[in-house]
Amino acid sequence: MRIHSGDNPFKCSQCDKSFSLKGNLKRHIISHTKGKHFKCSQCDKGFCYKRIYNYRGGKFYQCNLCDSTFTNKEECKIHMRIHTAERPYECDKCDKTFTHNSNLISHIKIHTGEIPYECNQCDKSFSLKAHLISHVRIHSK
1 MRIHSGDNPF KCSQCDKSFS LKGNLKRHII SHTKGKHFKC SQCDKGFCYK RIYNYRGGKF
61 YQCNLCDSTF TNKEECKIHM RIHTAERPYE CDKCDKTFTH NSNLISHIKI HTGEIPYECN
121 QCDKSFSLKA HLISHVRIHS K
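Numbering (UniProt numbering), first residue to last: 1 to 141.
None of these hints come from the bench; they were simulated from the model. Misleading hints may appear alongside valid ones.
Claimed, not checked - Distance condition first, Cα-Cα at most 30 Å in a straight line; then the derived DSSO-like pairs of lysine-lysine: (1) 129 x 109; (2) 17 x 77; (3) 96 x 124; (4) 26 x 11; (5) 141 x 129; (6) 96 x 129; (7) 77 x 11; (8) 22 x 129; (9) 93 x 77; (10) 11 x 73; (11) 109 x 93; (12) 73 x 22; (13) 109 x 96; (14) 109 x 141; (15) 96 x 77; (16) 26 x 77; (17) 141 x 77; (18) 73 x 26; (19) 124 x 141; (20) 17 x 73; (21) 96 x 73; (22) 124 x 109; (23) 93 x 124; (24) 109 x 77; (25) 124 x 73; (26) 11 x 22; (27) 129 x 93; (28) 77 x 22.
Bear in mind the structure is a predicted one, so any value in this text is a computation, not a measurement.
Turn these sequences into a full structure, and let the hints guide you.
Structure (structure tokens):
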């Protein structure tokens, strides 16, 4: 939820940047200690990790609102929906909206009554795979 609320409680002690996730802060701190030795020839942006720079021949897409980087433009565009709250996929049955088409497709099963996910340990079935995964945990307790 912090990503959506804009809350960034993890603050860098060496600069004014802050992050919503502790892992992002840890990755950022390395830029102070390791240095950014890999420079992009197009924009002069520096990278700590060669793998980020080298992926796809040095091409990258970075979110201009946070520290996230992506290897293709479409992933970056989808990520931006976190910041803009854009939910372009709408259910025509109940007007619920989604950031990803795959989430809408899963949701529609609720309306159609389709229950494709069956527990192999009992007779219960579920319309969403996530619900089956949650359910299966009760059998392992």
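Check the structure against each numbered hint from earlier and tell me which ones fail, lowest number first. 17, 25
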